[in-house]
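**Q** Here are the chains, one letter per residue:
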Amino acid sequence: MEEILYGVAYYYEYLPYDRLKEDIEMMKKAGINVVRIAESTWSTYEKNPGDFDFSTVDLVIDEMEKAGIKVIIGTPTYAVPSWLVDMDAEVMVTRKGSGRAIYGMRQSMDITNETYLYHAERVIRKLIERTAYRANVIGFQLDNETKAYGTSGKNVQKAFVEHLKGLFDGDLDKMNAAYGLDYWSNRIDSWENFPDVNGTINGSLGAAFEEYQRLLVDDFLQWQADIVNEYRREDQFLTQNFDFEWRGYSYGVQPEVNHYKASKAITIAGCDIYHPTQDQLTGKEIAFCGDSTRSLKKDNYLVLETEAQGFPQWTPFRNQLLLQAYSHLASGANMVMYWHWHSIHNACESYWRGLLSHDFKENGTYREAVTVGNEWKELSSKLVNLKKHNKVALVVSNEALTALKWFPVDLNAAFQSSITYNDIVLAYYTQLYNLNIECDIVTPDMEGWTDYEILVVPALYSASDETYQELAAFVEKGGKLLSTFKTAVANEHLKISYEGTPKGLQETFGMQYNQFAIPSKTRLMSEYFTFEPDAEVQGFMELLEPDGATVLATYDHAPGDRDVAITVNEHGKGKAIYIGCMMDDKSFNQVILKIFTEQFDYPLSEYAFPIIVKKGINQSGNELTYIFNYSETEMAVASPTEGTSLREKRSVAKDESLVINPWDLIILENEQQ
Amino acid sequence: MEEILYGVAYYYEYLPYDRLKEDIEMMKKAGINVVRIAESTWSTYEKNPGDFDFSTVDLVIDEMEKAGIKVIIGTPTYAVPSWLVDMDAEVMVTRKGSGRAIYGMRQSMDITNETYLYHAERVIRKLIERTAYRANVIGFQLDNETKAYGTSGKNVQKAFVEHLKGLFDGDLDKMNAAYGLDYWSNRIDSWENFPDVNGTINGSLGAAFEEYQRLLVDDFLQWQADIVNEYRREDQFLTQNFDFEWRGYSYGVQPEVNHYKASKAITIAGCDIYHPTQDQLTGKEIAFCGDSTRSLKKDNYLVLETEAQGFPQWTPFRNQLLLQAYSHLASGANMVMYWHWHSIHNACESYWRGLLSHDFKENGTYREAVTVGNEWKELSSKLVNLKKHNKVALVVSNEALTALKWFPVDLNAAFQSSITYNDIVLAYYTQLYNLNIECDIVTPDMEGWTDYEILVVPALYSASDETYQELAAFVEKGGKLLSTFKTAVANEHLKISYEGTPKGLQETFGMQYNQFAIPSKTRLMSEYFTFEPDAEVQGFMELLEPDGATVLATYDHAPGDRDVAITVNEHGKGKAIYIGCMMDDKSFNQVILKIFTEQFDYPLSEYAFPIIVKKGINQSGNELTYIFNYSETEMAVASPTEGTSLREKRSVAKDESLVINPWDLIILENEQQ
Amino acid sequence: MEEILYGVAYYYEYLPYDRLKEDIEMMKKAGINVVRIAESTWSTYEKNPGDFDFSTVDLVIDEMEKAGIKVIIGTPTYAVPSWLVDMDAEVMVTRKGSGRAIYGMRQSMDITNETYLYHAERVIRKLIERTAYRANVIGFQLDNETKAYGTSGKNVQKAFVEHLKGLFDGDLDKMNAAYGLDYWSNRIDSWENFPDVNGTINGSLGAAFEEYQRLLVDDFLQWQADIVNEYRREDQFLTQNFDFEWRGYSYGVQPEVNHYKASKAITIAGCDIYHPTQDQLTGKEIAFCGDSTRSLKKDNYLVLETEAQGFPQWTPFRNQLLLQAYSHLASGANMVMYWHWHSIHNACESYWRGLLSHDFKENGTYREAVTVGNEWKELSSKLVNLKKHNKVALVVSNEALTALKWFPVDLNAAFQSSITYNDIVLAYYTQLYNLNIECDIVTPDMEGWTDYEILVVPALYSASDETYQELAAFVEKGGKLLSTFKTAVANEHLKISYEGTPKGLQETFGMQYNQFAIPSKTRLMSEYFTFEPDAEVQGFMELLEPDGATVLATYDHAPGDRDVAITVNEHGKGKAIYIGCMMDDKSFNQVILKIFTEQFDYPLSEYAFPIIVKKGINQSGNELTYIFNYSETEMAVASPTEGTSLREKRSVAKDESLVINPWDLIILENEQQ
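Protein chains in written order, with UniProt numbering: chain A, 1 to 673; chain B, 1 to 673; chain C, 1 to 673.
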C-alpha cells in the first residue's frame, strides 16, 4: 500500500435523489480517498434475468476517477434478486430447526445451489469485465461477510456424506468408533441411508458437519477468486471483509468461518470491526479484530467496515471517531473504511447510520472525519505499512469453539450453561490488552504458529495429536506456555481422551487431573500470589494433581479442598503454566501480571488501560509508539522514548511528561530505532 | 341514550344447569338493565352446517323482556365451528412465522376466506332476522374485538399486490423508489412474482401490509353492518367492542385496527376496557380508553366489556367496583357492561371471573354491583349523556405505531430495543391524567383533528406531508403545540426525510437536528426548569440545533454536551415546544407542569393524582364535577364549586371541605354552569 | 431381596478399548455386585434389520458370572436404530407444536407405531431368550424411563377418539356438556370430524388427552411385560426405572406417567433419583422419590439410577457419596445403582460422568464407593428389606397436576403464572421432611389410600366425587386431614364445581369460599399462631368463609380484609384443617409445626433438618434409626434410643451424646423394638 486509505462504502443506488457531485465534494473535504461500491445491489444491476444495467457503476467510477478517488468493487452476490428465488425455490437456504428460509433477508441463500452459482457467476463476470480495466479500481471484495448460513438441505448433506466417506476411507466402523455412535443406538451402518444430520445429538458428528460448512465457505470464496482472477490486473487486490462472532458488536473468533483457511483465496486480509463506543469505548475490539486479521497473512490489512455514527447507542463522543481511526492504524491497518457514507432512508439498516445523517448535511461526526482525513493526508507516509514483531501469540481455534458449543464448559443437569469459548478467549485477550502486552492471534492451522517466545492457549479443547505434540515440542525447545482448563481434552473428532488429561501434555505440565466441578463458595489460596480474602473461583474448576509441577494456587472448599488450581512446570528448556479455573477479575489480573513478569520475564509497560501503548516499525524503519487515552479524563504519561510527536509536530525527550486529552492519542516516531 | 345502561354479557348456553330465572332475579336486584348475548356460540346455534337452532336465544330474549331487561345481540362470527374448518382448511388464518393456525382458539380465521364469509353471512342473517323485530333488542354488536389476526395467506397477499398496484398506479419503479427496495437487492420488477411479503425486511413494505390488514378490518365490519342494516330498526344501534393493545390489560393504541376508520361502519362507539385493580387501580386505563372511544364519534360511548372480578390478580378491593363504574361515566360512557355475568366452569377463561363466582351465590363483588345499580337507577337522568368540551387533544396514530415497531426508538446493534410507541404515548397521557388535564384523543385521519387550543403530539414518526402542514398551520393560526423526539421523521411510506427533521416543521419549531443517541450517564440541565442534581436523560435523546427557538434545557454529557434538549418557539400566532428526549419521572412531571401553566396558560386543577377531577355538561345543561380518590387513604378536598353532591344528596358550598373515603368519589352538579 | 445390591449401569459397547477385565476387578474392589446392561444399544445388537449380534451381551454376562456379579437386562427399546426410521418415517413421534421429530435424540418414537412395535418385539424376544436362562441374570428392566413422549399423530388421535366414545357411551352431547365445548363455538357434533386435539384450548379435553397418553405408557409396559414373562424365571424380577418431573434434577410427581398404574406391569418398583449435591445436598429428593417409589407396591424398591459424579455441578464433596448411598437405604431401597460405571467419551452425555472419569483411573469418588461397598458387604443383612409403617401420607395426583397446568393457580390476565402443582406438593413435603415427619406418598387410585392417621392433601384440584367422598369419610371416621387452597375445585373432567368449593367437603371443613385473589401486600394475622410482623401471604389466597370451623388465621389487607386464611374443623370423629394461601417460609414452618403437634398430636422428633432421622424395622424385627447430618458442620445429638451403632460397631445408651461428622450418619439398631 502506498498510502493510508480512508474510505466509505458508497451506495449511489440508494440515494433518494442524485447528489453524486455534492457527495464527492464532501468526500474530498474529508480526505476520503477510496469508496467501496456495488456489493449490495444485484437486483438493481439485473432487474430481470439476463437484463444487465451497470450504468450507475460506470457513473460512480467515472466521477470518482475525476475526483481522484479510488474504487473497490464488491461482487454483488450476498443478496439475491427475488426473481432468482422465484426461478428456483431451493436457492433459499435450508437450516437446522427452521427449515427453508423465506425470501427477504440477505445472506440466506444456499451457497452451493447450482442455480445461484450459475447466475452469481454471470453477474460477477459482467461486473468485473466492465470495471477491472478502470484505472482507479484498486481491488475487489469477494462477496460480503461470507458464511454457509447454516445451509443443510438434502444436497448439502449428501455432499457431506461423501466428505465423510473420504475422511474415513469409506469405513463405517471406523466412523462409528471415532464418533462413538453406538451411544443411544445412533450407529450408522449404511452410507445410503445416512440420517438427517440436523437431528444428531452426537457432538462429534455435529461438529464435523459444522467444520464441513466452514469448508464450503473456503470453496465458495476460492470459486469467486478464480473468476475474478481471470479479469484482475496484477496491481489490483482481492479481499474479503471477514467478520467476527456478533454480540451486538465484534466479539471474538468467528464460529462459521476459518479466517485463515478462507483467506487463502484473497491477496490481502480485510475485516469488519464494530465495537461499543461512548462510555464503553476501550479499543479492545479494534485490537482483537486487528491482531486477528493482521495475523492471517502476517501483513497489513484493510478495515473494510467500521462504524461512523452507527446505531444511536454508538453516536461517538467528541474525539472518539479520531481515536478509533488511529487505533486501527496502530494495529497495522492500512485502510479504515466506514460503513457507510450516508444513512439510508428505507429498509432495515436505516438507523445504522453512516458518516452523513439522513439530511446529508455536515454534522459533528463528519467534521471529525475531516480532521482525521486531513491529518492522514499529511502523515500517511509515516503511518502506512506499520510492521509488528510480537513475542506473544494467542492461540485460537474454530474447532475448539465448535467443540465447546457442543460440550459447554459449565453445562449442568438442566442442560444450561453460560460460559462460551469466546468468553474465555476474550477474558485472556483482555488481560493482555489491558497490560499492554501486544500479541498475534494464531491458529494451529498456520505455518509457524509456535514461532513465538510465549504462547497463550486458552481452552484449546480439541485438536489433533500433532497439535498437542507441537505444543509439547514448543516447551521442550524453550517456549513459555500459558494454558488453561479445558485445554487438550479431546482429539479432533471430539473424542475425550481416555489416556488422561491434558491429553499428550501431562509431562509438559507436570500435572494431570481427572475430576472437575462447578465451584460452590470456593476460595482461591496461594503463597505465591497474594489474593484478597474474598478471592473467588468462578464458573468452572479442574482439580489438578501435580506430578512434578510446582503448585502456585489451591482451592479451599470441598470438593476442591483436595486439589490444586494453578501449576508451573519447568520442562525441557521451557516452562508450562496451567490455570485450572476461572476467578474474579482482580485475582485474574494479578495472576497474569505475575506470570508475565516473574515467570515469563516479559518486559511489561509501566502503563496499563486506559493508557494503551502500541508499537511497530514504519516503512522508514523507525519505531512508532502510539499512546492512547481511552478515558474521559486527561492523562499524563512519561514519554517512553525520545522522538518526534507526529501529530503535535514537535520533538519529545525521553521521560518528558506528555499530557493526553480525553479520548485522544500521541504518536511518537523514534528514528534511532 | 335515555338512561345509563348497566349490563353483563350473559351466556345461557354455558350454564351447567338451567337457572335463567334465578339469574334474572339476581340481575334485577343489582339493577342490571341490559345483557349482551349470542356472540360466542355459533356452533351451538348451527351444530351441523345449515342446521339452525336459536331456541336458547329466543328463550333468553323472552325472559329478559318479561323482566324489563334490554338485549344486545352479537353476531357470532369471531369463533367458528369445527365443521367449517373441516369443510375448508383455509378458513384458518395463515400467519407470518407460524403458518396455518390449528383449530381451537377463537379469532384465528382468515376474515377474507370465501367459505367463512358465506357461512358467516348465513348465520348472521338467520340470527338477526329472528331477533331484530324484538322490542327489547336495542342494538347489535358486530363480531367481537375484530382484527385481521395477522392473515397473510396467498389469497391475502394477492389482494395486497392489487392494492399496491392501485397505490402506485401500476408503476413498480415508483414503488421501488418509495420503499427503497434497491436496498439489499430487494427490488421487485414484476407484479406477477411478488415475493412473499411475510419475509420482507423492508419496513416500508411491511408497514404497508399491516396498513392493508387494518383496511381488511374496516371492510369486514362494513360488510357485517350492511347485512345487519337490512334488518335493523331505526332505534337499534350498531356497535363494536374495540379493544386496545394488550399487556395483560388495555394499554394504549390498538396496533391492528384503526378505530376511527373502522367505526364508520357503526352507529355508536363501543369498547372493552380492562385494567389493573387492587393496589394498582389508578383509573388511567379507564380514562385513556374512554377518551379514545369518546373521540371516535365525538359522542358518548358504550363500555361493552370491563372486568367484574376478572383474574385473581384483579379481585377488587372493597369499593373499587363502584369507583370503577363511576369512572367510566365520568369519561362519557353511557353503558358499563361486565364481562361477564357468571364465571365459566370449563375452558380457558374459567378464571376470568364474572360478577358471580362459579357457585352462583352472592359474593362481595356482586353485592357492590347491587349498590351501583341502585344508585344509577336513581341518578340516571343526571348522569347520562355527559358532554365534554376539551381544550387539549392528544394526537395518536396507527401508522406511527407500526413505523416505530419496524424502526424502534432505541434499537441497538444487537437488534434489541425496549421503547415502543405506546410507551411514549402513555407516558404523555399519564402526565396529563395525573395533572387533571382532560383531553380528547384524536388521529390525523379525523375531521377537525387540529380544532383544539393545545395539541400534544408524541412520537408522530411518520405521516403524510399534508399532516405535517396541518400541524404547521395549527401553530401559525395560534395553536399551542407540544411535540417530542421521533416526530415528523418520515413520510407515509416510512421514508426518512432527506430534507432534515422535524420534516416540514423546522420553522415551526425554530429548530432542527440530525444526530441522536442513546444517553449514557447524561444529565439534563436548565435555567428555566429547576431539575434535581440527579435529573437523568433516559432511553433516547436527539441533539437539537435551535434556529430561532429558545432553549429550555440542555444535555451535559457527551455526545450531548454539544446540544440542546428542549426548545420553545413562538411562531405565527402560536407556540411550538419540542422535547428531544425521555427523562426521569420527576423531571418529566415538572416539565409538563411548567409547560402547561407557564407556556400554554392552561388553568390547572389544584389537585393531582390520586385525586382525579373530571368534568362535563349533563343533559340538563349543568356542569357535573366528579372527584375521585384513587387511594386507600381518606382524602379531603376543597369543593371547586358550589352545587349539589348527588350521591350524598346535599348542597355543598364552594371551598367547603369534602372528605372522600378510600376508593370513593363525590359528584357535584352545579346548576349555575 | 437377600442382600443390598450395589450396582452400576455398564456399557461395554461404549468402551474406547476392551477393558472388561480391568473394569470387573475395579468393581469387585468397590463391592459392586450387580450391573445393568443392554438397554441403550439396539443399533449395536441389530446393525441392519434382522441381523442380530449379542456377542457383547454374552461376553459381559459370562465375565460377570465368573466374578460373582449379578446382571439386570434392559430391553433396548427406548432408542431406535436409524434404519427403523428409514423404513417407516412415522416411527418418529409427532408432537404438539413441533410436528414430527427428527431422528437423533432417544425417546422420540411413537410408542404406538406398528413398525416400531414389530421390531421392538423381535429384538426383545431375541435378547430375553438369550439371557433369561442365565444364572446371574436376576431381573429385567422394561424399556427406560418410558413415556408417551407427547405422541399425538393422527393414529394416536384416532385411537383417542375411540377412547372418548367409550368414556361417553358414544354420546357427543354428554361429552360437550362434560367438557363445556359450547364455549367459543368449540362444540364437536361429529365423531368422524373430530378436530385436531393439539389445537384445543379446552382444558377438559386437553387433560383427557394427556390422561390418555399416560394410559399408553401403562399399555406399553404391560405389552413388554407380557413378552418378557414368556421367558422369565420365577426368581427373576421385572422392573422399570420411573423418573420424576425434571428441573435439572428429580422434582416431584412425574406428569407423563401414573407410576402407580404403570407399576402394575412390573414385580418390583424401581426409579431414577437425581438430586443437587455439594452445598445443596439436603436428602430431600432422595426421600421424596424414595417415599413415592416405596409406596407404589408398599414394599422395598430399587434405585436403578442415581448420580456418581454426574455433571460438574454435582461433583460430590468428600463423604457425600456415602451419605447419599445410605439415604436411599433409609427410605427403603434395596439397591443403589449408579448411572454409570465409566464416563462416556462421545455424544451428549459425556459430562454426565460415572463412577470412573474418562481416564478409568481411581479417583476420589470411586474411592468413596469402595468404602460404601465394603461397609454394605458387612452390614447387608441388617440393612436389607427395611420396612416402614408411617402414620402420615401425602396425597398426590397426576390428574391434579395436569389440571393445574391447564388452570394455573396464579394465572393472570397476561396469561402468565409461576406456581405449579409440584411447587405446592414439594413445599408441603419439604416441611414434613425438615421436621422429620416420615410419610408415604399415595394417590387416590391406590387401594387403601386413606388408611393412615393423617392425610396431607395439597392442591388436589380435580378428582371424582368418589374421591372427595372418601376424604369426607376419612375425617368422619376419625382421620386428621390437612388440605390446602385449590383442593376439591373441579370434578374429574376439570369442570369447576357449581355447588360451591371445596366440592363435597364444605361440611368436612366447616367452611366454604367463592372468591380468591393474588395477594397484594397482604399480611397474615392470627391469635393462635405467633406470626412475625412481616408475615406475608404469597402467590395466592382464597377468602374463606367459615361455617362451623374455627378460624386460625386471617388476612389483614383488602380484598382479604373481609376474610379468613386458615380454619380447623372438628367433624365426625376427626379433624379437618384447611390452609387457604401460600405464605413466607418462616410462617409456613410454624403453621405446620403447630398443626402437627397441637392439632394432630403427632409425636415430633426433637431434631430437625439438617439432622434427618429415618426409621424402619429390619428383617430381624429390630428398629433401625438412621441419623443423618446434611451439613458441613459437625453435629451432636442425644441418642433417641439405646442400641447398637452399626457402623461404629459399639453400644449406645439412650440420650448418650452422639457426634456426627459433616455429611455423615449414624445407624442405631434397637433390639428391644
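Treat the hints as calculated values from the structure; they're not laboratory data.
There may be inaccurate statements among the hints.
Because identical chains cannot be distinguished in the list, a pair is counted as satisfied if it fits within a single copy or across any two copies.
[What the hints assert, rightly or not] Think about it this way: if two alpha-carbon atoms lie no more than 30 Å apart in a straight line, the pair counts; the simulated BS3-like pairs of lysine-lysine are: (1) K21 to K586; (2) K586 to K361; (3) K47 to K174; (4) K174 to K21; (5) K96 to K405; (6) K521 to K586; (7) K174 to K361; (8) K154 to K96; (9) K377 to K405; (10) K377 to K28; (11) K47 to K165; (12) K47 to K158; (13) K174 to K126; (14) K377 to K387; (15) K387 to K261; (16) K391 to K297; (17) K158 to K405; (18) K361 to K405.
**Q** Hint by hint, say whether it matches the structure.
**A** Structure-based check of each hint:
1. K21 to K586: neither (55 Å within a copy, 49 Å between copies)
2. K586 to K361: neither (47 Å within a copy, 36 Å between copies)
3. K47 to K174: between (51 Å within a copy, 14 Å between copies)
4. K174 to K21: Between copies only: 24 Å across, 65 Å inside.
5. K96 to K405: For K96 and K405, the Cα distance is within 30 Å both inside one copy (15 Å) and across copies (28 Å).
6. K521 to K586: both (17 Å within a copy, 25 Å between copies)
7. K174 to K361: between (66 Å within a copy, 26 Å between copies)
8. K154 to K96: Cα proximity of K154 and K96: in one copy and across copies (11 Å, 25 Å).
9. K377 to K405: Neither way: K377 and K405 sit 46 Å apart in one copy and 43 Å across, limit 30 Å.
10. K377 to K28: within (11 Å within a copy, 80 Å between copies)
11. K47 to K165: Between copies, since 18 Å is at most 30 Å while 42 Å is not.
12. K47 to K158: between (33 Å within a copy, 22 Å between copies)
13. K174 to K126: Intra 47 Å, inter 27 Å, cutoff 30 Å: inter-copy only.
14. K377 to K387: Classified as within; 20 Å inside a copy, 72 Å across copies.
15. K387 to K261: within (22 Å within a copy, 67 Å between copies)
16. K391 to K297: within (17 Å within a copy, 71 Å between copies)
17. K158 to K405: This pair counts as within: shortest intra-copy Cα distance 24 Å, inter-copy 41 Å.
18. K361 to K405: Classified as between: cross-chain Cα gap 27 Å, same-chain 46 Å, threshold 30 Å.
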